[in-house]
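Both chains come to you apart, so use the hints to assemble them.
Chain residues, written in single-letter form:
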Amino acid sequence: MTLSRRDLLLGTAGLAAGAAGAQLLNAGPAFAQAAAPQYKPEQGATLRVLRWTPFVKGDEDSWLANTKKFTEATGVEVRVDKESWEDIRPKAAVAANVGSGPDVMLVWFDDPFQYPDKLLDVTDIGNSFASKYGGYYPGPEGYAKQGDKFIALPLAAIGNGILYRDSMVKQAGFSKFPEKSDEFLELCKALKAKSKPAGFALGKAVGDGNNFAHWIVWSHGGRMVDEGGKVVINSPETIKALQYARELYQTFIPGTESWLDINNNRVFLAGDVSVTANGVSLYYSAKNDPKMAELAQDIRSTTMPIGPVGQSVELHQTTSAVIFRYTKFPNAARAYLQFMLDKPQMDAWITGSSAYCCPPLKGLIDNPVWTSDPVHEPYKRASSTLRPNGYAGPLGYPSAATMADYVMVDMVAEAATGQRTPEEAAKRAEQRANRYYRV
Amino acid sequence: MQSKLFLGLLFMLPAAIFLLVFLSYPLGLGVWLGFTDTRIGRTGVFVGLENYQLLWEDSIFWLSVFNTILYTVAASILKFMLGLWLALLLNEHLPLKAIIRAVVLLPWVVPTVLSAIAFWWIYDTQFSIISWALLELGWISSPINFLGDPNNARATVILTNVWRGIPFVAITLLAGLQTISPSLHEAATLDGATSWQRFRFITLPMLSPLIAVVMTFSVLFTFTDFQLIYVLTRGGPLNATHLMATLSFQRAIPGGQLGEGAAIAVAMVPFLLAAILFSYFGLQRRRWQQGGSDA
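Chains D and G, in that order, are what the protein sequence lines are. Quick note on this note's numbering: the first sequence kicks off at 1 and runs consecutively. Quick note on this note's numbering: the second sequence kicks off at 1 and runs consecutively.
So that you can see chain G by itself, here it is in the shape it has in the complex (with noise of 0.2 Å):
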């Protein structure tokens, strides 16, 4: 007993190790790092909760909270039901079925800074392809601002993130689909339930578990996201689009406050772990999974 609980022990060892080094520690350093005013190239001193309640009375960290849970919210919901619509298309027989789910991965393939540039460009003030499109047919008389006024950003670093995401849910959300029996769904079919029923009753329950693993790591990508807003507009305009990612970067690296930066990246925490618990206990459940209603 003794000998086989200590061999157990010694094989969990490298995962254990492996954890603390990559995963504790940095998380560790960065909580820390946010209770001190450490600046790049001086180690800091303990400050407590310094950091936190300059943050308190920061306007632009509010602007960058409530920036990032529009972005979040706003691109988790698009990239939930466009990729569920996505997979469900997909799911039928198709011709040239492979080929197509090759190239909806791409979006999701390309790096993205890659792709950002490309919606750079797409987006710029005076070439922008779209405006040009729209000039020339006359439709409208002078180039759309699309990353220029605040809530024009807003809704264009959200569609750009959309399109990047939704390759992620569909596929998945895909893969998920084909384990459905279709017994399942021809039983239904002979006891005269509607395709609305049927897709209500049969596969978003039976989905469901997946949906909630993937809308959470689509959340917490989404949540975290940083090339795309650090490509598109640096946060600009006016800081409209600056997300607790891109200002935490700001400040710490460029700006040298690393104390600070690490205190708005801590700042996430409490977001992404009542997203993530809100997945866990929301949409997990079984009964709702199993066709149940809530009450």
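Only chain D is shown next, with the shape it has when bound in the complex (with noise of 0.2 Å):
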């Protein structure tokens, strides 16, 4: 349901009413399963959103294209300021913190967990979708409910996935790319004999250091934290994860603990690697740059291999939106939210977004976008194959605070480059963590 002017008006009217007017800005799940909540800006209400600054320009066009499709049909103002992703988070918890900034925010991870008693209640807006559009995925959602309560609402996941050359893996002797995690470290050690070697970032990388990272350790069944918080780190699998990783790393290229998030693409850009993980948009550096016509056509994509325990498992990036409590308009924001997470909006958003965002709702995954290029089907499994970042523990403080000191990613790159054992790490990642997770 899209919010038109006539809604507005229709709510003003009711409200003249009286009681029909509250039943109506009352209309929650109780009301009808599938009703979505309407919400009336208030008079004269203005919005101020801060984003993270967009990787594909498309996701910006679109984005703004549908704010001012709200504009138009509700008649407040919204300016869209934009932030670099890494700065999201802080600025995100100053303004919980001080009460004044944004009205909404576009936010990362467990960011919403930092703080949220700062946050609307959006629950409403959260069941009518997911009523209405076959439910969340459960990754995305975990994101945003706490308990029975949706305190920001899944806006997308950004796919991590595996870039490759095709013709190097040709090269290695490999007709396709294997999709399980030991004919994987086969690949890497032909590919470092006979052609490019691969290349993940093993350094201070916020995004793709913990994509890696997470991937090895759950991918071998390894987790940092139990059902109920308590630090399993130091396990078994994940001991069998870092032996993996230090095997894989073997066959990786010289210097990939100093990587930060950029090095990767620039490498692959350049030929040096053959296979990396990343975001789509290193595939669109490459396609959009005339020069690089034959290098954007020898690129292939595909998810992280399947570890022991079975199946497609991985961090990405997730972002959700958020309404700060402080908010003076808090029925224009959630109007606003409602308005631009529904499916006409979503769909032209996905589809500008270059298939960089995935749809955290079932129902609204079949987007032309991961067909019109075959390199954006894996990016399509982003939502179904995400998991939060605390996993298998809840989200809050602790779960920040470990991945944001970098546990993982150290443990993993202190494994894999030999500096420590695997038992060493995984217990040293133990020590760390349990500061975090402590009682």
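For the record, the hints were derived by calculation from the structure and aren't laboratory data. The beta-carbon is built from N, C-alpha and C at its ideal position, and this holds for glycine as well. A portion of the hints provided could be inaccurate.
As the list claims (entries may be wrong) - Simulated coverage check for chain G against chain D, where a stretch passes if three residues somewhere in it have a Cβ under 8 Å from a Cβ of chain D:
id : stretch
1  : 125–131
2  : 142–150
3  : 221–235
4  : 251–261
The following block contains the structure:
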């Protein structure tokens, strides 16, 4: 259901009529399961939205176009500011802390769980979307729902996937990219011997480093904490994962332990590595550059290999939309998100994002963008393979702090480079995580 | 008398308020936060020394202390020696003196982040210009892992900091050199002093008050450095270049643990005080300045 001027006029009339208006405004799940709640923006409402700087231009264009539609339908002026993606977390935290700043913000990972009581409850919208569009994928939902309450609205998973050079993989003697982690290791060995090596970030790369490290550990059945939040990283599964990391690292191009987020892009585009993991943006860097046309045609993509756990599990990057409780125009903000996250707008936005963003609702997953280019397809699976960063425990301060302190990345890097044995690395990660998960 | 005293206090008030609001309050708040478990988005409660106790048992914290001390000591000594040398050279009569002096200031003037990004390229594991040149020359067979190997990374960030800090030391000492009366040197030359003796017994003592000030500042800047590390390595590889300042930021802002971050920052204070006291009492001794010995 989209919000039009007519709805708003109806809302106003209803308000004047008293009881009827109250009913309209409170139309929630109790009223009718599928009916979307309706929010009437406050008189003279304006909104400030702070989002992360778009990775692809189409994202920004369609987000702004959707916002413009909202303004046309409701008369609410919306200012959309952007901030580099790494600055979002501190900015959001400070806004929540001091109680002023943007009304709506697009945040990352478990950010909403750092200040849940500063966020406006959006359960009505979340539930209505879930019932209307076949439910959320569990991963993105886990980042937005605390108990039964939506403290944020899942917006998208920014997929991480393997990007590889078809010609180099063939040169290494593989006609098809392996799906299992042990065959993947064989491929990497062959690539190093016969072609260009693989390379995955092991430095303090917020995105790429965490994606790779979490994949290594999770795909082997290791996990930072159990369901109750007890640190269980020092487990036989983790040790196996780290032994695997050690073997895999030896097939990499040298120096990956210093890589920040951008390094693998540069090396891949220079043709020095054959396989890396990244968002789809890397493919676009090549595709949009006429000089790299040949390289772009050689790029293929797939999901990270499946490890001993037998299913695809990945961290990805997740973004959710939150409304701060301090906003002066809560209904305008709710109406805005309800409008922006509904199917017509989301479809346009997902298409505009060129496979960068994967929708969190099962009913929105089908989009022409996934078939428009074969490289896009694996990124469609981001929302379904996604696992929250504090797996398997609750999200909150400890999960955020553990990831921000690079506990997982450091552990994998220490073991991979051989600086510590897998056993020592796991033990140290356990000690470090325990500092945050202490009772 | 009374009104004069009152007037004096009144005139001091703006300065006092300024100091209180912009200096004492943030510092006091930082110290207080270090004793609480404040997190971003939640005010904390007083937890006494818990943060410090946790840091005491934290190997990453101790690694960052070690890194910070190594970084500060190595970079400060190099900056001092090279800066002094550069100042002495610039003090000679050179053609185009003014232009050379202006050029020397460049590394100091360029914003750290900008120069660090340039260095980031220079030290890139795959695309380093240094590695490329040496490879082309056939001196090395594989690129140098500047920022990937812990010890290489430490040396790399120290050298970059030195590059950046030399102009400050050199230009300030140059100003000091120019206040030394030439007649002293002339007199010494007449007495048959060698150039080393003139340096040791005239230049150095005359310069030492300034050296004390310059090095105090230099040590403070180096000890609290943040931008360079943040751009080049983020404290990696494997935390080998994490300084107390970067660790404090990582834990406080992205990690949300304001209390712990503040505690790390407060833990820097004793080191800074020690550095200040050392330069104050150590380098400003009168006797030494007047050319006498320590005895």
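Task: Given coverage of the stretch 142–150 of chain G by chain D, tested with a Cβ cutoff of 8 Å and a minimum of 3 residues - done: Held - the stretch 142–150 of chain G has 7 residues with a Cβ nearer than 8 Å to chain D, which meets the minimum of three.
Task: Annotated coverage of the stretch 251–261 of chain G by chain D, confirmed only when three residues or more have a Cβ within 8 Å - done: holds (count 6)
TODO: Closer than 8 Å, Cβ to Cβ, for at least three residues: run that test on the stretch 221–235 of chain G against chain D and report holds or violated.
DONE: holds (count 3)
Task: Coverage assertion for the stretch 125–131 of chain G with respect to chain D, Cβ distance below 8 Å, three residues required - done: holds (count 3)
Figure legend: structure checked against the earlier numbered hints; every hint is met.
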